[in-house]
Amino acid sequence: LEIKIEEDHVLTDIEITLRCPDESAANVRTLLRMLDIFNGTVIGYKDGKAYKISLRDIFYIESVDNKTFLYLADAVYDTDKRLHTWEKDLTDNNGFVRISKAVILNTAKLISVEPMLGGRWIAHLENGEKQVINRHYVTSFRKNFDV
Amino acid sequence: MSERGFHYMDNNTWKEFLLADCISYTAAAVLTASIGILIPAYMFGSSHQYYLELFFVTTIINLLIVLDAHLPASLCRFEMLFGIIETAFGVIGIGGGFFHWFAWQPLYLIEASVILLMVYFVTYIIMYWQNREIARKINECLKKAKPLR
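If you're matching them up, the sequences are chains P and Z in order.
All residue numbers for the first sequence refer to my numbering, where the first residue is -4 and numbers rise by one.
All residue numbers for the second sequence refer to my numbering, where the first residue is 479 and numbers rise by one.
Keep in mind the hints are simulated off the structure, nothing from the lab.
Please note that the accuracy of each hint is not assured.
Listed below are the simulated DMTMM-like cross-link pairs for lysine to aspartate or glutamate, each with C-alpha atoms no more than 20 Å apart in a straight line [unchecked claim]: (1) P:47 x P:57; (2) Z:615 x P:109; (3) P:138 x Z:611; (4) P:-1 x P:17; (5) P:76 x P:42; (6) P:41 x P:17; (7) Z:622 x P:18; (8) P:96 x P:57; (9) P:138 x P:18; (10) Z:493 x P:141; (11) P:41 x P:52; (12) P:47 x P:75; (13) Z:622 x P:121; (14) Z:622 x P:60; (15) P:125 x P:69; (16) P:96 x P:82; (17) P:125 x Z:618; (18) P:62 x P:42; (19) Z:621 x P:-3; (20) Z:621 x P:121; (21) Z:615 x P:121; (22) P:-1 x P:18; (23) Z:622 x P:17; (24) Z:622 x P:-3; (25) Z:615 x P:141; (26) P:138 x Z:618; (27) P:47 x P:84; (28) Z:621 x P:84; (29) P:96 x Z:611; (30) P:96 x Z:546; (31) Z:621 x P:109; (32) Z:622 x P:57; (33) Z:621 x P:124; (34) P:41 x P:57; (35) P:96 x P:60; (36) P:76 x P:109.
Model the full structure from these sequences, guided by the hints.
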């Protein structure tokens, strides 16, 4: 992967041109996914205040007792969107994947996965947390990695 | 898949079900045929009908086990126990009770239980090995993607 940076003072924002031999290659898609996340922000609430949160900072989104929460490395934010709405908005090619009935995981925060006896898997996250990937969602999780 | 529109058998579940069914049917057929050859007086017959009935029983058991994925998270720890109960229901209930593979006598029930446990764990271990290989590939992908983070 070769990275060239050109300064152009005419531009008002960052412009990225991706040159590659094959647009559909897995590493190109991974890069695009990362750029999507880098570019995206969402609104989360904490102590009655609204905060702008970058998608790349979210570790996972969890639904608990009909409320949905955004989990970051060291903070948790409320959200007014239901989990299935988050799933519709996020899980299309930007690294977020449904791993159980209650959790959507940001695969960019994933360190490794480990299968358990019984078909469920454990996802090890960058912040040391573990999340269970339900057996029912394992195959769609695998597709995210073209495996 | 949404929270409300919960599918009991999507494509992924079908694939998992077919793989587990193939493994368990093969293991059960090989095991009962081997025991039939080694101990000719053994209760299980090896007629064509028996192998069709066996396929029916393994299919029902695997269908039940695959549907266990929808159990509430609080019951996860009992998943293996549910699997064994479902296998026992298939072999002893359907095989012994409905298809009359063996009489419901203690000796036969013990023999059938040993076979069903062996088939259950063979299927379980092969599925686990397959998952370990897939996990290894995913972990490789994650390592390669790390410089991009």
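Here's how the hints hold up against the structure:
Among the hinted pairs, residue 47 of chain P with residue 57 of chain P is consistent with the structure: their alpha-carbon atoms are about 18 Å apart, no more than 20 Å. This hinted pair checks out: residue 615 of chain Z and residue 109 of chain P have alpha carbons roughly 11 Å apart, not beyond 20 Å. Under the criterion of a C-alpha separation no larger than 20 Å, the hint pairing residue 138 of chain P with residue 611 of chain Z is consistent with the structure, at around 15 Å. A threshold of 20 Å between alpha carbons decides the hint, and for residue -1 of chain P with residue 17 of chain P the separation of about 19 Å falls inside it, so the pair holds.
Pair hint residue 76 of chain P plus residue 42 of chain P holds up; C-alpha atoms about 17 Å apart against a cutoff of 20 Å. Of the pairs offered as hints, the one joining residue 41 of chain P and residue 17 of chain P is violated, with about 43 Å between alpha carbons and a cut-off of 20 Å exceeded. Restraint check for residue 622 of chain Z and residue 18 of chain P: satisfied, since their Cα atoms lie roughly 18 Å apart, inside the 20 Å limit. A C-alpha spacing of about 9 Å is found between residue 96 of chain P and residue 57 of chain P, which places the hinted pair at or below 20 Å, so the restraint holds.
As the CA atoms of residue 138 of chain P and residue 18 of chain P are separated by approximately 18 Å, the hinted pair is consistent with the 20 Å bound. For the hint linking residue 493 of chain Z to residue 141 of chain P, the alpha-carbon distance of about 16 Å falls within 20 Å, and the restraint holds. A hinted pair counts as satisfied when its Cα atoms are at most 20 Å apart, and residue 41 of chain P with residue 52 of chain P qualifies at roughly 16 Å. At roughly 14 Å between alpha-carbon atoms, residue 47 of chain P and residue 75 of chain P fall within 20 Å of each other, so this suggested pair holds.
A hinted pair counts as satisfied when its Cα atoms are at most 20 Å apart, and residue 622 of chain Z with residue 121 of chain P qualifies at roughly 15 Å. Between residue 622 of chain Z and residue 60 of chain P the CA atoms are separated by roughly 37 Å; this puts the pair beyond 20 Å, and the hint is violated. Between residue 125 of chain P and residue 69 of chain P the CA atoms are separated by roughly 15 Å; this keeps the pair inside 20 Å, and the hint holds. For the proposed pair residue 96 of chain P and residue 82 of chain P, the alpha carbon gap of about 11 Å is at most 20 Å, so the pair holds.
For a cut-off of 20 Å, the pair hint linking residue 125 of chain P to residue 618 of chain Z stands: about 19 Å separates their Cα positions. Pair hint residue 62 of chain P plus residue 42 of chain P holds up; C-alpha atoms about 15 Å apart against a cutoff of 20 Å. Between the alpha carbons of residue 621 of chain Z and residue -3 of chain P the distance comes to roughly 18 Å, so the proposed pair stays at or under 20 Å and holds. This hinted pair checks out: residue 621 of chain Z and residue 121 of chain P have alpha carbons roughly 13 Å apart, not beyond 20 Å.
Distance restraint check for residue 615 of chain Z and residue 121 of chain P: the Cα-Cα separation of roughly 19 Å lies within the 20 Å cut-off, and the hinted pair is therefore satisfied. A C-alpha spacing of about 19 Å is found between residue -1 of chain P and residue 18 of chain P, which places the hinted pair at or below 20 Å, so the restraint holds. Distance restraint check for residue 622 of chain Z and residue 17 of chain P: the Cα-Cα separation of roughly 18 Å lies within the 20 Å cut-off, and the hinted pair is therefore satisfied. Taking the CA atoms of residue 622 of chain Z and residue -3 of chain P, the gap is about 15 Å. The hint holds against a cut of 20 Å.
Proposed proximity of residue 615 of chain Z and residue 141 of chain P is supported: the alpha carbons are some 10 Å apart, at most 20 Å. At most 20 Å may separate the alpha-carbon atoms for a hinted pair to count; residue 138 of chain P and residue 618 of chain Z meet this at roughly 14 Å. Taken as a hint, the residue 47 of chain P and residue 84 of chain P pair is honoured in the structure, with Cα atoms around 17 Å apart against an allowance of 20 Å. The hinted pair formed by residue 621 of chain Z and residue 84 of chain P fails the criterion: a straight-line CA distance of about 27 Å is larger than 20 Å.
Distance hint between residue 96 of chain P and residue 611 of chain Z is unfulfilled; the C-alpha atoms sit about 25 Å from each other, more than 20 Å. Between residue 96 of chain P and residue 546 of chain Z, the direct Cα distance comes to roughly 14 Å. Compliance with the 20 Å bound is thereby established for this hinted pair. Distance restraint check for residue 621 of chain Z and residue 109 of chain P: the Cα-Cα separation of roughly 14 Å lies within the 20 Å cut-off, and the hinted pair is therefore satisfied. Restraint check for residue 622 of chain Z and residue 57 of chain P: the C-alpha separation of about 27 Å exceeds 20 Å, so the hint is violated.
For the suggested pair residue 621 of chain Z and residue 124 of chain P, the alpha carbons sit about 18 Å apart, so the restraint of at most 20 Å is met. Restraint check: the Cα-Cα separation between residue 41 of chain P and residue 57 of chain P comes to about 15 Å, which is no more than 20 Å; the hinted pair holds. Between the alpha carbons of residue 96 of chain P and residue 60 of chain P the distance comes to roughly 12 Å, so the proposed pair stays at or under 20 Å and holds. The hinted pair formed by residue 76 of chain P and residue 109 of chain P fails the criterion: a straight-line CA distance of about 30 Å is larger than 20 Å.
Consistency with the previously given hints fails for numbers 6, 14, 28, 29, 32, 36, ordered from lowest to highest.
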